[in-house]
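The whole structure should be built from the sequences, with the hints applied where relevant.
The opening position of the sequence shown corresponds to residue 31 in my numbering, with each subsequent residue numbered one higher.
By construction, these hints were calculated from the structure, which means they are not laboratory data.
Just to be clear, a hint being listed does not mean it is correct.
[Said to hold, decoys possible] When the alpha-carbon atoms are kept at most 30 Å apart in a straight line, the in silico DSS-like pairs for lysine-lysine are as follows:
no.	residue 1	residue 2
1	K218	K32
2	K229	K32
3	K32	K190
4	K173	K32
5	K175	K32
6	K94	K65
7	K229	K200
8	K94	K218
9	K175	K65
10	K182	K200
11	K32	K65
[Claimed, not checked] Across the chosen pairs, the derived CB separations fall in these ranges:
no.	residue 1	residue 2	range
12	T213	R84	32 to 42 Å
13	R228	R84	53 to 63 Å
14	D177	L236	50 to 60 Å
15	C38	M159	15 to 25 Å
16	E219	A137	27 to 37 Å
17	Q179	I220	24 to 34 Å
18	G67	S113	15 to 25 Å
19	E201	K94	31 to 41 Å
20	K65	I220	24 to 34 Å
21	T36	P81	33 to 43 Å
22	E96	N155	20 to 30 Å
These numbers come from a predicted model, not from an experiment.
Glycine included, C-beta positions come from ideal geometry on N, C-alpha and C.
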Amino acid sequence: MKAFTTHCGIAAPLLRINIDTDAIIPSREMRRVSKKGLGEGLFASWRYVMPDSRELNPDFILNKPEYANTTVLLAGNNFGCGSSREHAVWALAEYGIRAIIAPSFGAIFYQNCMRNGILPVVLSNEAVMQLSDETLQDPQHLKLKIDLQEQKVESPHGLKFEFDIETGSKEMLLNGLDSIGVTLQHEKEISAFEQQVRKQHSWLYLQN
31 MKAFTTHCGI AAPLLRINID TDAIIPSREM RRVSKKGLGE GLFASWRYVM
81 PDSRELNPDF ILNKPEYANT TVLLAGNNFG CGSSREHAVW ALAEYGIRAI
131 IAPSFGAIFY QNCMRNGILP VVLSNEAVMQ LSDETLQDPQ HLKLKIDLQE
181 QKVESPHGLK FEFDIETGSK EMLLNGLDSI GVTLQHEKEI SAFEQQVRKQ
231 HSWLYLQN
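Encoded structure:
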C-alpha cells in the first residue's frame with residue numbers, strides 16, 4: 031500500500047450528497063476479483079455517455095480539461111454510503127485519488143479508504159465549500175495541500191483546516207501498511223508465542 035504523508039493535488043468538487051458505492055462503481059463494472067482494472071469503471075454512469083460505452087461525457091466534472099489529473103475529491107455529506115463493496119475504493123485508488131474531503135462518509139467506506147491508502151478527511155460543509163470556491167477559479171494551479179502528520183488541509187490562499195483521525199489508522203497510512211502489514215510487524219512476537227504454546231501444550235500437537 032502506498033504511504034500517505036503529505037499530498038498536494040488538483041481538487042475536483044463533486045458535491046452531491048449521498049453518493050453511494052454503486053454510483054462510485056456500478057455493479058456491472060465489477061467483472062473481476064482483482065483490485066486492478068477497476069479505475070475505468072469509476073463513476074461509469076456519469077462519466078460515460080452510455081452505460082455500455084466508453085465515450086466520455088464532457089459534462090462530468092472529471093472529464094473536464096481543467097480537472098485533468100485530479101487526485102483530491104471534494105464531496106458532499108455521506109460520501110460512500112450504501113453497500114460495503116471495497117471495489118469502490120479500489121476504483122478510486124486506481125484512478126489516482128489520494129484523498130477525499132467531505133462532511134461525512136459511509137462508515138464502511140471510510141474504513142475501506144484507510145485500508146487502501148486513501149485518506150478520508152472530515153471537514154465541515156462550510157470548509158468543503160470554501161475549499162471548492164478557492165480551487166475552482168484555476169484548478170490546475172490552485173491545489174490543495176494535505177499534511178497527514180500535522181492533520182491539516184491548506185487551501186491555495188493559505189487557510190488551514192485541522193481534521194481528526196484515529197491514531198491507529200493514521201499510523202497505517204503514514205507507514206503504507208494495510209491490516210496484514212500491521213500484523214506482520216509483529217511476526218517475531220507471534221512466532222515466539224506459537225512456540226511457547228506448542229511447548230506448554232505439546233499434547234495438542236501430537237500426531238498419530
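For each hint, the structure was consulted:
1. K218 - K32: holds, 24 Å
2. K229 - K32: Roughly 39 Å between the alpha carbons, so the hint for K229 and K32 is violated.
3. K32 - K190: holds, 25 Å
4. K173 - K32: Roughly 21 Å separates the two Cα atoms, so the pair holds.
5. K175 - K32: holds, 18 Å
6. K94 - K65: holds, 26 Å
7. K229 - K200: Answer violated: K229 to K200 is near 37 Å, above 30 Å.
8. K94 - K218: violated, 51 Å
9. K175 - K65: holds, 27 Å
10. K182 - K200: Roughly 13 Å between the alpha carbons, so the hint for K182 and K200 holds.
11. K32 - K65: Roughly 14 Å separates the two Cα atoms, so the pair holds.
12. T213 - R84: 32 to 42 Å: holds, 39 Å
13. R228 - R84: 53 to 63 Å: holds, 56 Å
14. D177 - L236: 50 to 60 Å: Holds - the Cβ-Cβ distance for D177 and L236, about 56 Å, lies within 50 to 60 Å.
15. C38 - M159: 15 to 25 Å: Since C38 and M159 have Cβ atoms about 21 Å apart, the given range 15 to 25 Å holds.
16. E219 - A137: 27 to 37 Å: holds, 31 Å
17. Q179 - I220: 24 to 34 Å: holds, 29 Å
18. G67 - S113: 15 to 25 Å: With a Cβ separation near 20 Å, G67 and S113 satisfy 15 to 25 Å, so the hint holds.
19. E201 - K94: 31 to 41 Å: This hint holds: roughly 36 Å between Cβ atoms.
20. K65 - I220: 24 to 34 Å: The hint (24 to 34 Å, Cβ to Cβ) holds, given that K65 and I220 are roughly 26 Å apart.
21. T36 - P81: 33 to 43 Å: Since T36 and P81 have Cβ atoms about 38 Å apart, the given range 33 to 43 Å holds.
22. E96 - N155: 20 to 30 Å: holds, 23 Å
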